[in-house]
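Asker: Chains as they are written, first to last, in our numbering: chain A, 2 to 299; chain B, 8 to 335; chain C, 103 to 344.
Keep in mind the hints are simulated off the structure, nothing from the lab. The model shown is predicted, which means the values in this text are computed figures rather than measured ones. A couple of the hints might just be wrong.
Said to hold, decoys possible - With a straight-line Cα cutoff of 25 Å, these simulated DMTMM-like cross-link-like pairs (lysine to aspartate or glutamate) come out:
no.	chain 1	residue 1	chain 2	residue 2
1	C	K305	C	E109
2	C	K305	C	D326
3	C	K160	A	E98
4	C	K237	A	E185
5	B	K322	B	D295
6	C	K174	A	E140
7	C	K211	A	E185
8	C	K158	A	D183
9	C	K160	A	E185
10	B	K298	B	D263
11	C	K237	A	D100
12	C	K158	A	E289
13	C	K211	A	D100
14	C	K174	A	D183
15	B	K322	A	D100
16	C	K231	C	E221
17	C	K231	C	E245
18	C	K160	B	D214
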Amino acid sequence: MTLNIPPPDILLQLSLNGALGGAMYGVAAVGLSLVFGTMRLIFLAQGAMIILAAYFVRALFYGLGIDPFLSLLIVVPVGLGVGWLVYQGLFRRAAAEADRNISLLIAVGLMFLIQNLMTVVWGGNTAAVVTSYTASGIEILGVRTSFTRSMGFLIALAGTGLVVLFLRSTLVGKAVRAASEDMEAATLMGISPHRVNAIAFAIGIALAGAAGVAVATTFPFNPFAGFIFSLKALVALALGGIGNVAGALAGGIILGLIEAYVQYFISGGWTNAIAYGVFLAVLMFKPEGLFSRPYKKA
Amino acid sequence: MLKQALPQRAWTAIAIVAVIALALVPLLPGAVDSYAFSFLFFVFLYAIMAQGWNLVAGFGGQISLGNHAFFGLGAYTTAILWTGNYLWGSLYDSHPDIYYFDPVTMTLGGLVAAVAAIIIGLPLLSKLRGDYFALGTLGFGEIVKVMFINGGDFTGGAFGVVAPAGTFDTLLPHYLVGLGLMAGVGVAIRLLMRSRYGLALIAVRDDEMAASANGIDVLKVKVSAFAGSAFIAGVAGSLYTYYIFHVGPDSVFDLDWMLLPLMMTVVGGTGTLLGPILGALVMYAVFDLAKIVVPDYHPVISGLTIILAMLFLPKGLMRSFAGRARAA
Amino acid sequence: MANRLLEVNNLEVAYGDVGALWGVSIHVDPGTIVAIVGANGAGKTTLLKTVSGLLKPKRGEVFLNGVALAGKAPEAIAGMGIAHVPEGRGLFRQMTVLENLELGAFQPKVRKHFKQSLEKAYTLFPRLKERAGQKAGSLSGGEQQMLAIARATMSDPALLILDEPSLGLSPIVVQQMFSLIETLHKQGVTILLVEQNIHQALKVADYAFVLKTGELAMQGTGADLIADPEIQKAYMGVLEVQ
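Let the hints inform the model, and build the full structure from the sequences given.
Answerer: This is the structure we're talking about:
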């Protein structure tokens with residue numbers, strides 16, 4: 002294989018598009034990271050939740066004429082509520098069980114359920130949200146790129162920033178971090194596992210809502226697109242280090258870059274294999290993630 | 008509960024009687040052409056897959072989310088060996104049916120899957136514990152799928168491979184081989200779990216550190232359970248090839264081949280011998296019924312069933328039996 | 103009985119089918135230090151974990167100030183005034199010293215007094231003030247144990263439970279640890295202490311219980327038990343028999 006080094010402007014274009022797209026994996030991964038942190042649950046339905054949010058955004062746009070980006074003000078609070086309800090209704094009992102397969106299977110069941118409900122309601126065809134600005138571009142660093150992608154990036158950045166702020170500077174946020182590190186010790190402080198789990202879920206689904214806005218405005222989507230999103234978010238999670246929230250966003254951006262480069266230099270068909278290959282390699286050789294901090298658990 | 012009233016010996020007897028009864032089903036007039044016959048074939052197939060998953064996850068405590076990859080590897084191995092006639096040379100010309108349910112081909116299907124499991128399992132299981140292993144196997148499944156899509160002529164790309172004999176007149180051999188494999192896998196796992204190896208596997212699951220302190224080679228035990236699980240899935244994939252003939256990446260690497268057996272095992276009871284079989288029967292019946300009664304909504308029903316089963320039956324149908332199996 | 107801070111009656115605990123405690127009864131009076139001693143695997147940690155709600159007993163009762171703790175979750179029991187420093191300390195190693203202390207005062211009741219509690223903790227453990235911004239995992243073993251105890255005192259607990267505080271510490275630090283326990287005692291903190299360092303534990307304890315393979319073997323004042331030839335023989339290596 003000969004590697005042609007492309008001109009710098011194309012390289013910049015690739016990097017920019019990759020990073021902007023990857024941020025969406027990142028914001029999905031931040032939600033997964035929170036839920037995994039407190040419940041040790043791989044919430045496989047996260048991607049389905051994102052697509053559900055995308056359909057919701059689409060319905061708000063075509064039904065009520067609400068601008069997709071403006072609908073963040075609706076989608077995010079609804080996500081918080083839905084997440085809280087999903088935890089209380091579906092996961093609360095399973096969280097108390099030592100067998101974590103149960104939670105995993107409920108997540109799988111939820112994924113099936115959401116995917117197929119979406120198919121029943123909106124049909125299995127590809128859907129999209131087309132606004133007046135969908136095709137418009139803006140210039141960043143002298144490179145033209147899509148306006149909606151850039152907005153998606155900003156949403157991811159803001160969402161992650163808010164979550165980090167919450168975790169670092171509020172007592173409840175600190176309780177969530179403490180529970181992620183050692184649930185038993187956290188309960189000895191008087192922290193209720195159900196409370197932190199519900200908070201993690203609420204924020205996780207709210208982030209899925211935000212990601213849904215980004216997806217709806219950027220890509221065409223269908224009811225089954227969510228699973229691959231969950232997988233990509235897991236890759237981002239592993240790259241960033243499980244339990245490292247800001248790392249999850251960075252992991253998403255790195256994944257986006259990898260995908261963009263592989264697509265350009267090798268072939269689109271190998272994108273996923275290489276992305277998962279990197280995932281496996283990180284899990285095997287650096288399971289604490291690329292940005293591991295010192296003083297890991299002994 | 009019902010099970011508590013029954014000693015293990017009674018369960019063994021029920022299992023033997025059930026297998027004999029199922030083996031006699033084809034003798035019933037019209038049975039072979041009935042819908043129930045193909046229904047049972049799929050129950051056997053899923054029960055085998057569920058047994059395989061149960062070996063590594065239920066008895067071994069390592070959650071594999073990659074068993075669909077092993078199923079697909081077994082299916083592809085069978086189809087490729089057959090299409091390319093890599094095994095039987097000129098014998099194939101005189102015996103055109105030689106690849107049909109050929110034990111050598113089917114074993115190779117299992118072996119390819121087992122070797123893949125060892126290659127992937129050694130690094131994953133020596134470094135990763137629990138959830139990381141689950142994530143790693145999930146990634147592995149996707150990699151294998153993409154590799155087969157990009158495998159060129161050898162794997163037939165996105166279309167896949169079509170086995171030469173394109174159809175069959177009767178499901179009888181599928182049924183009997185499926186039943187035999189299900190029973191065989193059940194007996195093998197039962198013998199295995201009563202051996203020193205089985206005790207070691209349970210010990211590793213329950214307390215890795217204590218097992219290691221007692222001189223058990225933890226990595227070896229885990230990797231071999233993973234390989235055994237893959238072997239079973241590979242053989243099941245091989246069996247499926249004889250049913251579907253067209254082996255394509257989207258059909259045999261479908262995530263359902265991992266998720267459904269996993270779900271069936273948990274519903275039936277993880278870490279029990281008969282749980283996976285019972286779970287396969289019950290869950291496949293639910294899905295199939297939903298498909299007939301509410302065709303448009305059946306995947307919704309499937310999703311709902313999983314959630315309801317986990318909410319109200321989290322320990323599985325065979326749980327109390329498990330207490331006994333574990334103590335044995 | 104009416105004065106008892108903690109009352110444990112006929113406690114039976116099992117892991118699966120394996121019994122760990124068989125009908126153990128202990129009690130702690132307010133303002134005292136009570137030690138539970140015994141060999142490895144005698145059930146000491148199991149007893150503590152059952153008191154703080156981490157394990158559910160098969161049989162028996164636990165009362166705190168006369169209120170039954172049966173069926174209460176560990177976080178609720180923590181809220182009722184039991185602060186448990188578990189074996190291995192249970193620090194949040196990725197979080198800073200200050201954050202650990204903040205979480206010690208997580209319960210709404212004590213959150214209000216956070217400033218005063220922190221002042222008090224810093225007076226008692228000046229080292230922690232210097233290291234407030236450091237990650238807990240970066241502290242030395244002795245400092246970590248200090249932090250774990252300081253964190254537990256942040257909730258101004260009715261009962262402070264310490265599980266093997268001297269484990270893995272150098273002899274000098276162990277001395278500091280025990281003098282700290284006496285200081286806390288003088289401040290009026292009630293302490294339930296599990297120790298393998300039996301001599302030290304009996305020296306500071308007002309009263310002690312001896313556990314042997316899940317059963318109560320002996321009890322008495324610390325001074326009585328220290329003088330007991332049986333105890334000396336079995337646990338303090340005065341005579342190496344067997």
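Asker: Are any of the numbered hints broken by this structure? If so, which, sorted upward?
Answerer: Numbers 6, 11, 12 and 13 - these are the hints that the structure violates, sorted from lowest upward.
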